[in-house]
Amino acid sequence: MRIRPPSAVIAGLSAALLAMLIGGCAREPEVGRTRFEAMGTLVEVTVYGESPETTASASAEVEALFHELQQRWDPWGDGELGRLNAAAGSAPELPVAADLAGLFDRAAVISRNSDGLFDPAVGALIRLWAFSSEELLPTAPPDAEQIQQALAASQPLYQIWQPATRKIRLGPGAAIDLGGFAKGVAVDMAIDLLRGRGIDHAIVNAGGDLRAIGRHGDRKWRVGVRDPRGEGVLAAIDVEGDESVFTSGDYERYFVYQGRRYHHIIDPRDGYPAQGAISVTVIHREAGVADAAATALFVAGAQDWPRIAANLGISQVMLVDSSGTIHMTPEMEARTWLIPDPKPPVNIQRLPAP
Amino acid sequence: MSATQQLGMEQAMSGTHREDRLVAGFAALAIAIHILEAAFPSPLPGIKPGLANVITLIVYLRHGLRLAIWVAGMRILVGSLLVGTFLSPTFLLSATGAVAAMLALALVGTIGGRQVGAVGLSVVSALAHMSGQIAVAYLLFIPHPALLNLVPVLLSASLIFGVVSGLIAASVLQILSRRAGEPG
Amino acid sequence: MADPGPETTREHSAPARPLIRAGDILIVLLAAGLVGASFGAFWGPRGQGEMALISVDRQPAFELMLDQDSTVDIQGRIGTSTIMVDGGRIRFLDSPCPGRYCVHSGWLQRSGEVAACLPNGIVVEVIGGEREYDAINL
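Protein chains in written order, with the working numbering: chain A, 1 to 354; chain B, 1 to 184; chain C, 1 to 138.
These are computed hints drawn from the structure, not numbers from a lab. A couple of the hints might just be wrong.
As the list claims (entries may be wrong) - Okay, the calculated beta carbon distance ranges per label pair:
1. Asp69(C) <-> Phe86(B): 34 to 44 Å
2. Ser133(A) <-> Leu93(C): 15 to 25 Å
3. Glu240(A) <-> Glu130(C): 15 to 25 Å
Said to hold, decoys possible - Per the computed footprint, the stretches of chain C lying under chain A, defined by three or more beta-carbons under 8 Å from a beta-carbon of chain A, are:
4. 89-102
5. 113-119
6. 130-137
Stated by the list, open to error - So the derived list for chain C, only partly shown, Cβ under 8 Å to chain B, looks like this:
7. Leu19
8. Ala22
9. Ile27
10. Ala31
11. Val35
12. Phe42
Glycine included, each C-beta is placed from N, C-alpha and C at the ideal position.
Could you put together the complete structure from these sequences and hints?
Written out as structure tokens, the structure reads:
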């Protein structure tokens, strides 16, 4: 028996490997990034693999979209939502325009499934805390009495919203504030806009919360979740295809009064900042759902979040509680790379059946 | 055919047979080492020092590039079939490592000629093997932060391993060539 | 193993085989250098930015090198923001905005990290170096 190695095959394989290695070492093509201010935050549009002209014009359209939505959904401006809130209590039922109605439909479902922990109908309460304002100075918590009044005037969205008739029972002193959902929906619409322009690889990042489609060339998009108490990165997540990553944290907007930290995620049940967690990260396809879910799960806290996540149809959650322990679903743990060394304490939590 | 010609043909054939048996023996040894290595844990899943490359090196220096490729190929295929990792991620890692090592061996061996011996070739081969595995792992399997931190450590280990195994291979080659009656 | 026999005595013109040759030493030295360099390349703080780009009112205004400690006052829309560079990092030290969220963002160090004082119209972005993350979620 003569052994004759197929040298042609070997040569071919070697050439292929060499080509791969050389190709891998080539410089990455440029990624186009555009930044603008909207909805009270910095929005960054990242596009991979398109010409600068395409990137620039698509980003300009995204910016225009954000500004338009901001005006339309400003709870206290003169857009659709602002006018609705101004008319609160003027009639037992108020009609709501089509696109706002669509938003209410979706928000109401999430509100009900989260047991009201996510509730856009506490706009009066949110306004008291003034975190969204640019003029008012949130340095001290509102009066307890004011908080009680605002709570008394508000009813959960899923109770006052009538999807069938497209009417809402908005009583005097009540208001709808879509913060905690509006940003996500805007990101969803921006992604649709980019897709409509033929762009398949992009990230729309609104103040750190983002939806990513496609990938960064031959690697996935790399997202870092900020450490809620440090300034480094707590977790690295590789994202591709079509995914949103939204984080709610107590370190983004807050003030300290008499040694206590008051942050901007208000628990609709008692009117005060929620205490059960210091940050929650949610991964889900739609950004609007991810946005609302991150808020709801933050309010739910370290004890109750699995139940709420299951009811919301969310499977990838990372919650950091006040002791620094990281709670994750198995699906989240599988794709998350924790950065700090030594590793922080981790608790893997399976979700109950919804 | 004359008696001399007949004798010559027989000698040629038995020389080939002997060569085949040797190569088969080397391949079997390489496969055995491959299986042993699979049983050992490593800091990152699937990334191995590539002990069997020593065999490849010896075959290359004694019998040339073609047979070395053959032995390496046998080792990868049969070894992975026996261990049960054929076409798995581990297979991809070890195959890439072996191919990279082979390329490096051929390149440096051809360019260096007689100036380069077992030690130099072993170092080049070991580093190429490890680099190949790291590249595949980075591109396909393992999230970046941990792997990048380990790269210098893995490369250092490969360097040391390359020197040591090169010395061993050089000694083995000396013994083999003395046994066969070659000078040196 | 069959005996070669007189007809097949091989001619050997190959020189003696030393254990280590000149080329080997060269290779080992080169390899050691390469491996040493990999420590520098992979063990330094990764993604470290080289400088910060300061934008005022959406226009890039100037750059600050992160390897030079400095403190800079910048005039914005509503007042003066103070920016500090220290030990390869940069941050808002003070700002006239109500919420001071820019100050809350803390130290920026990685390429791509951004902090902004929106009411004052000032954005600080770390650039240069290798960008490790496409986005930081916060």
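Hints, one by one, checked against the model:
1. Asp69(C) <-> Phe86(B): 34 to 44 Å: violated (58 Å)
2. Ser133(A) <-> Leu93(C): 15 to 25 Å: Holds: the Cβ-Cβ distance is about 23 Å, inside 15 to 25 Å.
3. Glu240(A) <-> Glu130(C): 15 to 25 Å: Since the Cβ atoms of Glu240(A) and Glu130(C) sit about 20 Å apart, the hinted range of 15 to 25 Å holds.
4. 89-102: holds (count 4)
5. 113-119: Holds: 4 residues of the segment 113-119 of chain C have a Cβ under 8 Å from chain A.
6. 130-137: Our answer is that it holds, as 6 residues pass the Cβ test (under 8 Å) against chain A, meeting three.
7. Leu19: It holds, given that the least Cβ distance between Leu19(C) and chain B is near 5 Å, below 8 Å.
8. Ala22: Holds, about 6 Å.
9. Ile27: holds (4 Å)
10. Ala31: Hint on Ala31(C): holds, closest Cβ of chain B at ~5 Å, below 8 Å.
11. Val35: holds (5 Å)
12. Phe42: holds (5 Å)
Hint compliance for this structure: hint 1 is the single one not met.
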